[in-house]
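*Asks:* In order, the protein sequence lines correspond to chains L and W. Position one of the first sequence corresponds to residue 1 (this note's numbering), numbered consecutively onward. Position one of the second sequence corresponds to residue 1 (this note's numbering), numbered consecutively onward.
Treat the hints with care, since some could be wrong.
Note: identical chains are not told apart, hence a pair may lie in one copy or across any two.
[What the hints assert, rightly or not] Cut-off 25 Å, straight-line C-alpha distance, at most; resulting in silico cross-link-like pairs (BS3-like, lysine-lysine): (1) Lys-302 - Lys-360; (2) Lys-310 - Lys-171; (3) Lys-296 - Lys-206; (4) Lys-335 - Lys-222; (5) Lys-55 - Lys-133; (6) Lys-41 - Lys-55; (7) Lys-282 - Lys-335; (8) Lys-327 - Lys-282; (9) Lys-360 - Lys-310; (10) Lys-282 - Lys-360; (11) Lys-327 - Lys-310; (12) Lys-335 - Lys-294; (13) Lys-335 - Lys-174; (14) Lys-227 - Lys-206.
Hints were generated in silico from the structure; no laboratory data involved.
Number of protein chains: 2
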Amino acid sequence: MERRSFLKKATVGAGLGVLAAPAIVHAQTQIRWRLASSFPKGLDTIFGAAETFSKMVSSATGGKFQISIHPAGEIVPPLQVLDAVQNATVEAAHTAPYYFFGKDETFALDCAIPFGMNSRQMSAWVYEGNGLKLMREFYKAYNIVNFPMGNTGAQMGGWYRKEIKSVNDIKGLKMRIGGFAGKVLERLGGVPANIPGGEVYSALEKGRIDAAEWVGPYDDEKLGFNKVAPYYYYPAWWEGGPQLSLYINQKAWDALPAEYQTIVEAAASHAHVDMQAKYDAKNPAALKRLIANKTKLRRFSKDYMQAAYKESQALYAELSDKNPNWKTVYEDWVKFRNDQVAWGRYTEQGFDQFMSDALK
Amino acid sequence: MERRSFLKKATVGAGLGVLAAPAIVHAQTQIRWRLASSFPKGLDTIFGAAETFSKMVSSATGGKFQISIHPAGEIVPPLQVLDAVQNATVEAAHTAPYYFFGKDETFALDCAIPFGMNSRQMSAWVYEGNGLKLMREFYKAYNIVNFPMGNTGAQMGGWYRKEIKSVNDIKGLKMRIGGFAGKVLERLGGVPANIPGGEVYSALEKGRIDAAEWVGPYDDEKLGFNKVAPYYYYPAWWEGGPQLSLYINQKAWDALPAEYQTIVEAAASHAHVDMQAKYDAKNPAALKRLIANKTKLRRFSKDYMQAAYKESQALYAELSDKNPNWKTVYEDWVKFRNDQVAWGRYTEQGFDQFMSDALK
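With the rest of the complex left out, here is chain L (with noise of 0.2 Å):
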C-alpha cells in the first residue's frame, strides 16, 4: 500500500481547496480480471453488453477495477467459456447458457428454451422471481457466481433456402440451430447442425445446410444470410427472449470488496437493459434494409409452430422424469411463466394489439 502517494494527493486536493467535486482516494489497490465473450467482435449488440458493462465498472471505480473483455477464440473458443470460469482460467464470461444444454439441459432454463418466456418476463423472474436464487444455487457445482446481462428479445426463425410451408417441409431440414432447440427440431425429423456463427454464411452458400437461424435483422444482416437464402420466417418459437449471463469465478467474487461486488451487479443490470434496448432500436431499420433487398418475410405455418409446441411438452416431461436439477427448476419456472403469459393477456397484450392494429 502505497501510503506516500496517498498523503501526497491529499496534500495536493487540499491545497487547491477550490475543486468543485471532492477528491476521493482509493487505497492503490488494483484489480485485474479477464472476461471471455462467447461472441465475436463484430457484433456490436450482443459483444457490445460487455463492454458496456466493463466500461462502467471501470469509471465506477476511478479505473481501478479493469475488466478486458477478449471475443470468442481469442482466450478460449466461444463454447469453452464456462469451462474457463470453473477452472479461474479466466474470472468472468458472457455467454448463452443454453450452449451448455449437453452438461446439464438445466442450463437453458437461465436462456431460453422452446416456447418459454419473453425477454420482460424472464427479467421478471429472475430478478423479483425465483430465478436468479435457484439459478445461483444450480451453478454452485460450477464454482460460478451468475447475473443476467443483456436479452435480444424475441429472434427471427432463421434464413430458408426454400419454403417452409408446413410442418412436412421440416422433414430431412438441415439447419443451423442453436443447440438445446435442436432436440425439438430433431424430433420432427429435422437434422440440426451446430455450427458456430463464423462458418454459417458459407455452409448456407454451399449448400451443405438447407436452413439457418442467428438472432434478428441486425446481426443477420451483419452476417450476410440475405445473400444466399431469400425466405426470412417467424417467429423463432424457441428463442422468445434468451437472456445472457454474466458468470464470475466464485473465488475471484470472494475476493472483490464488498463495494466492487455491488457496482459489478450494478453495472451488469445497466448492461442488460441496454443490450435489449440496442436491439430494439437497431432492428427496425435493419429489417426494413433487408425488405428493400427483396428478403421474403414469411410466418410460420400454425402446424408447424403446433407440431413443435407439442414436442416441447413432450421433451419437458422426459426431462422432469430424468434430471432432478432440471425439475427443480422448470416447476418454478413453468409456473412463472403460465402466470405471466395469463395476466399478459389484459392490459399488456390489449395496448400492444390495439396500436399494432391502428398504425396498420
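Chain L is already provided as a structure; the job is to place chain W on it using the hints.
*Replies:* This is chain W only, laid out in the frame that chain L set:
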C-alpha cells in the same frame, strides 16, 4: 480529511494480512442527499424503486454516499418535487414526469402519453434512441439531470361503478385520471379529476367520482378500490408503459466525483429493470385475488378506444403547432414509436400471441 483514521485502518489491514478481500480505503468524504418521492411509502413497488436505488448507491460506496428517501408529503407535496429539485430544496426526486404537463406538455413524453410506447419500447428510446439526449436538453431549463428509473408496464383502465359499454358512457363521467390523459378524456365529454392517491378511495366510495384509475392489480388491491367499484377495465389507453424518472439537481450532480456519477447511473438502471420486474412478478397473483373477490374484468369497447385514439392525435397536432419543445421531442418520439410497433408485429408479437393461444 481524517488522515489519522486512514493510517490506522491501513495499518490494521496490513497487520491482518489474511483478509480475502483487499481493503478499499476511501477519503472520508461523506455525501448526504435527500430524495423526495412523489409516492407514498405503502407502495413497495413504485416507492420501493427509490429505496432499491439508494441502498445500491450506499453499498457501492461503502456507505460514503447516503441518499435518504422521503415519501410524498414529508418534505414537499407529491407534485412539488420538481420545484424542490429545481430550487435545490432537495438534491433528488423520484417521480412520474407527466405530473408536470401543466408547466410544459413535453414532460409527458418522458413518461407516458395516450397511445404511447410500452415499457420496453420506452427503454429503447431512452437508452439507445434519442430519448435521453432530447430530454436532457429539455430539463436544462429546470436545472435537472434525469435518469430513467422504473416503469409499471401497461396499466389497467381503472375501476368503474357502472359499466362503460361505448364511448357514449364517457359523457359526464367523473373520473380520477392521471394529469395529461385528462385532456383527452375531456374531449370525449368526460370530467377528469386529479385526486392524490390517498384520497381516491373515499371519493369513489362517496360517489363524488364515478371511476378512478391508479396503476394495476397489485397496487390497486392495496388501495381497496375493488370494494367500492365492481368493474375493472383494460387496457389503460393512456398508459401503455409509463416510465418513472430520477431527477437530480444540476449543481449537486456536478459536485459529485466522477465515480459516484457512474454509480448513480448504474444503480438507477438496476432500479429501472427491478421495478418493472416487481410489477410483473406481483400483478398476476393480485389479479387472481381480485377476480376471486368478485371483481368484474371488462375490456374497453373498440369504439371508445378508437375515439380516444382520434382525439389524442388531434391533441398532439395542436401541441406541435403551439409548443416548440413538444414538437422537437414528439417528432423523434413518434418516428421511434412507429418503427417499434411495425417491427413488433413480426416476431415479438407472433411469439407472444402463440403463447397466449397455446396456454388458454
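*Asks:* I want to check one pair: Lys-55 and Lys-133. Are their C-alpha atoms no more than 25 Å apart within a copy, between two copies, both, or neither?
*Replies:* between (27 Å within a copy, 20 Å between copies)
*Asks:* My question is about Lys-335 and Lys-174: at a cut-off of 25 Å on alpha-carbon distance, are they close within one copy, between copies, both, or neither?
*Replies:* neither (34 Å within a copy, 40 Å between copies)
*Asks:* For the identical chains here, do Lys-327 and Lys-310 meet the 25 Å Cα criterion within one copy, between copies, both, or neither?
*Replies:* Close inside one copy (19 Å), not across copies (50 Å); limit 25 Å.
*Asks:* I want to check one pair: Lys-41 and Lys-55. Are their C-alpha atoms no more than 25 Å apart within a copy, between two copies, both, or neither?
*Replies:* The answer is within: 16 Å in one copy meets 25 Å, while 35 Å across copies does not.
*Asks:* Have a look at Lys-360 and Lys-310 and pick one of within, between, both or neither, based on CA distance no larger than 25 Å.
*Replies:* Answer is between: at 14 Å across copies they meet the 25 Å cutoff, but 32 Å inside does not.
*Asks:* For the identical chains here, do Lys-282 and Lys-360 meet the 25 Å Cα criterion within one copy, between copies, both, or neither?
*Replies:* Only inside one copy: Lys-282 and Lys-360 sit 21 Å apart there, 33 Å across copies, limit 25 Å.
*Asks:* My question is about Lys-335 and Lys-294: at a cut-off of 25 Å on alpha-carbon distance, are they close within one copy, between copies, both, or neither?
*Replies:* For Lys-335 and Lys-294, only the inter-copy Cα distance (24 Å) is at most 25 Å; the intra-copy one is 42 Å.
*Asks:* For the identical chains here, do Lys-296 and Lys-206 meet the 25 Å Cα criterion within one copy, between copies, both, or neither?
*Replies:* The answer is within: 20 Å in one copy meets 25 Å, while 59 Å across copies does not.
*Asks:* Could you place Lys-310 and Lys-171 in one of the four classes (within, between, both, neither) given a Cα distance threshold of 25 Å?
*Replies:* For Lys-310 and Lys-171, the Cα distance is within 25 Å only inside one copy (16 Å; across copies 49 Å).
*Asks:* When no copy is specified for Lys-302 and Lys-360, does a C-alpha distance of 25 Å or less occur within a copy, between copies, both, or neither?
*Replies:* both (23 Å within a copy, 16 Å between copies)
*Asks:* 25 Å Cα cut-off: does Lys-335 pair with Lys-222 within a copy, between copies, both or neither?
*Replies:* Classified as between; 24 Å across copies, 38 Å inside a copy.
*Asks:* As a check of your reading, is Lys-282 near Lys-335 (CA-CA no more than 25 Å) within one copy, between copies, both or neither?
*Replies:* Intra 33 Å, inter 13 Å, cutoff 25 Å: inter-copy only.
Checked against the numbered hints given earlier, the structure breaks only hint 13 and satisfies all the rest.
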